[in-house]
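Please put together the full structure from these sequences, using the hints given.
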Amino acid sequence: MFDLPTTNIGGPELFVLEFGDIVAYFSPYTAALFVFALIFTVLAIVSRPERQVDFAFGGDAYYTKEVEANLLRFQRFMAIACGLATLGAMVTGDVFNFTLFASLVGITNIGIVAAYRNRHVLNAAFQYGIVVMLATVPLFGGAAIVLASTGTLSMWELFTGAVAVPLFAKAFLVLGVMGEGMAPFYIAKAEITRAQGAPFVLMVHVSSLLLFLRVIEIVLSM
Amino acid sequence: MKKQTALIVGLAAAGISAATGLLAALGYLPVWAAELVAVVMFPAFVIFIALWWNAKPGEEDIPFIGY
Amino acid sequence: MIEYLLFATFIGLLFHGIHRKVIARIQGRPGPPIWQEILHTLKFSFKETWIPKTASHALFIGIVVVAIGIWSAALFLLLSGGSILLLFAVYLLHKIVEHGMGLSTGSPYTKFGAIRSVISAASELPLLVTVVAIYFFTHSLSIADIAAYQEVHGPLLIIAFPAAVAMYLVILSKMHYGPFSIIEAKEIVSGNMTEHFGVWRAALEVAYALKTYVLLYAFVLIFIGSLPLALTLLAMLIVLVSLSFVCAVTPMLSPYDTVTVQSLVTGALVIYIIILGVIMG
Numbered sequence: 000m001f002d003l004p005t006t007n008i009g010g011p012e013l014f015v016l017e018f019g020d021i022v023a024y025f026s027p028y029t030a031a032l033f034v035f036a037l038i039f040t041v042l043a044i045v046s047r048p049e050r051q052v053d054f055a056f057g058g059d060a061y062y063t064k065e066v067e068a069n070l071l072r073f074q075r076f077m078a079i080a081c082g083l084a085t086l087g088a089m090v091t092g093d094v095f096n097f098t099l100f101a102s103l104v105g106i107t108n109i110g111i112v113a114a115y116r117n118r119h120v121l122n123a124a125f126q127y128g129i130v131v132m133l134a135t136v137p138l139f140g141g142a143a144i145v146l147a148s149t150g151t152l153s154m155w156e157l158f159t160g161a162v163a164v165p166l167f168a169k170a171f172l173v174l175g176v177m178g179e180g181m182a183p184f185y186i187a188k189a190e191i192t193r194a195q196g197a198p199f200v201l202m203v204h205v206s207s208l209l210l211f212l213r214v215i216e217i218v219l220s221m
Numbered sequence: 000m001k002k003q004t005a006l007i008v009g010l011a012a013a014g015i016s017a018a019t020g021l022l023a024a025l026g027y028l029p030v031w032a033a034e035l036v037a038v039v040m041f042p043a044f045v046i047f048i049a050l051w052w053n054a055k056p057g058e059e060d061i062p063f064i065g066y
Numbered sequence: 000m001i002e003y004l005l006f007a008t009f010i011g012l013l014f015h016g017i018h019r020k021v022i023a024r025i026q027g028r029p030g031p032p033i034w035q036e037i038l039h040t041l042k043f044s045f046k047e048t049w050i051p052k053t054a055s056h057a058l059f060i061g062i063v064v065v066a067i068g069i070w071s072a073a074l075f076l077l078l079s080g081g082s083i084l085l086l087f088a089v090y091l092l093h094k095i096v097e098h099g100m101g102l103s104t105g106s107p108y109t110k111f112g113a114i115r116s117v118i119s120a121a122s123e124l125p126l127l128v129t130v131v132a133i134y135f136f137t138h139s140l141s142i143a144d145i146a147a148y149q150e151v152h153g154p155l156l157i158i159a160f161p162a163a164v165a166m167y168l169v170i171l172s173k174m175h176y177g178p179f180s181i182i183e184a185k186e187i188v189s190g191n192m193t194e195h196f197g198v199w200r201a202a203l204e205v206a207y208a209l210k211t212y213v214l215l216y217a218f219v220l221i222f223i224g225s226l227p228l229a230l231t232l233l234a235m236l237i238v239l240v241s242l243s244f245v246c247a248v249t250p251m252l253s254p255y256d257t258v259t260v261q262s263l264v265t266g267a268l269v270i271y272i273i274i275l276g277v278i279m280g
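Chains as they are written, first to last, in numbering that gives the first Met the number 0: chain A, 0 to 221; chain B, 0 to 66; chain C, 0 to 280.
Take these hints with a grain of salt, some might be off.
As the list claims (entries may be wrong) - The calculated DMTMM-like cross-link candidates involving lysine to aspartate or glutamate, where the alpha carbons are at most 25 Å apart (straight line), are:
1) Lys42(C) to Glu183(C)
2) Lys94(C) to Asp256(C)
3) Lys52(C) to Asp59(A)
4) Lys1(B) to Glu47(C)
5) Lys55(B) to Glu47(C)
Treat the hints as calculated values from the structure; they're not laboratory data.
The structure is reproduced here in structure tokens:
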């Protein structure tokens with residue numbers, strides 16, 4: 000019964016886990032993305048943050064910023080949460096679960112830099128938060144249109160040729176994920192990367208790129 | 000890490016990669032598995048061989064972490 | 000398997016050398032010998048190596064491993080005729096590598112490089128548009144199917160010329176000394192590579208050589224078709240020399256102009272795809 004007709008896009012399925020008609024699965028494509036998310040989550044777990052070097056203007060002086068233990072713990076927690084949300088978005092076979100994981104990524108991305116006390120970073124995080132919140136409207140709207148027009152959210156059903164997903168819903172899904180941090184909505188992210196803690200801040204970038212790659216696969220397959 | 004260890008790891012990475020490549024060519028192993036092994040082993044090979052040949056012969060640690 | 004990687008690394012480094020030579024000749028300089036980049040990589044691998052005290056150790060080393068790993072994977076992907084969507088994924092992941100490399104050290108120069116790599120994220124969109132445009136014609140994203148399509152219908156270079164232009168721009172934006180190489184501009188020392196020296200830099204040169212080889216090979220494979228090895232290398236060399244011409248005669252753009260040019264190309268291609276969609280249904 001379950002024979003995913005996506006050999007052209009993500010490749011044949013390697014592993015499936017069925018929950019009724021909702022099927023979590025790995026194709027070579029999503030498995031590759033999953034492994035990559037896993038590598039960076041592990042890096043966030045095992046590595047200590049870098050110590051940023053700052054120049055003092057008007058002289059030769061430079062100083063190294065210290066790493067606060069509390070900040071480090073919070074950032075690491077948020078980075079791991081972000082990694083887990085990304086991993087979830089890579090394996091899920093359900094459009095609504097995907098949108099949930101995508102919005103969770105948006106929340107944790109702000110969390111990663113929220114504890115860092117720097118006006119520019121917090122401003123950027125605030126602006127990023129506004130963009131993400133706006134983006135959740137098309138994101139969940141896209142999933143809602145998919146459900147309303149086809150009666151299912153299972154990618155397993157949607158990827159078959161028999162079900163036609165409106166172009167509008169696809170565009171909404173892509174727009175929603177782009178709002179999570181792809182060009183041209185990534186503007187605030189450049190300032191976010193001022194924050195200390197490279198392995199954690201990097202997760203901000205990893206998660207949105209992987210989400211984008213996954214949504215492209217979903218939209219092309221539907 | 001000592002100079003000897005770097006050489007052993009580098010050669011082992013190359014050896015494993017070459018061996019799986021051979022096994023795949025002979026048909027004992029699927030090609031994608033050999034490719035996967037090569038992808039994992041090649042960075043280790045490059046980095047450890049380079050670390051080996053730039054290490055000094057003495058007792059210092061490589062890569063040198065500073066004083 | 001490892002022999003493919005060593006071959007691609009060697010050819011990629013040679014291509015980098017030819018790239019420098021061509022640029023130098025166009026600018027009226029004698030230029031380095033074409034094997035200079037191979038010597039360069041060997042030189043770096045013999046230099047004393049350590050990890051900066053301020054760096055995040057695991058990320059500092061891990062990112063180098065990931066850089067070589069993803070491009071090795073991309074090479075095998077091309078050789079086994081896999082999906083170009085995965086090639087696009089590797090290209091996006093390279094952005095993360097550039098970004099992580101810059102952030103991991105704590106140095107302000109590498110940080111500038113990393114932030115420039117974030118703002119030049121628009122360079123990924125032309126490749127995505129290329130992927131979608133190709134899908135319109137071939138209805139498949141597997142490289143094997145694309146090659147089969149081209150044997151029947153002729154090269155995509157002619158059929159989908161705007162897509163080829165977009166992919167060309169993508170390769171151009173990853174070439175050294177090019178108009179878009181703002182992340183390694185000299186006003187920020189070496190950009191995100193500044194603190195990766197010695198063995199790490201040699202390993203990065205290996206990764207970049209693989210990257211150049213893979214991108215040129217992908218261009219030939221996707222837009223011209225699968226040719227015998229010697230002809231493929233020749234076609235790659237021709238593409239490379241044309242890229243070198245562009246790099247030699249254009250100054251490096253400012254970061255914002257980079258984004259503008261790449262976004263405009265993406266916009267033009269989106270219009271192309273919409274027109275395609277209307278004509279071809």
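We went through each hint and held it up to the structure:
no., hint, result
1, Lys42(C) to Glu183(C), "holds (20 Å)"
2, Lys94(C) to Asp256(C), "holds (19 Å)"
3, Lys52(C) to Asp59(A), "holds (20 Å)"
4, Lys1(B) to Glu47(C), "holds (15 Å)"
5, Lys55(B) to Glu47(C), "holds (9 Å)"
In this structure, none of the earlier numbered hints is contradicted; all agree with it.
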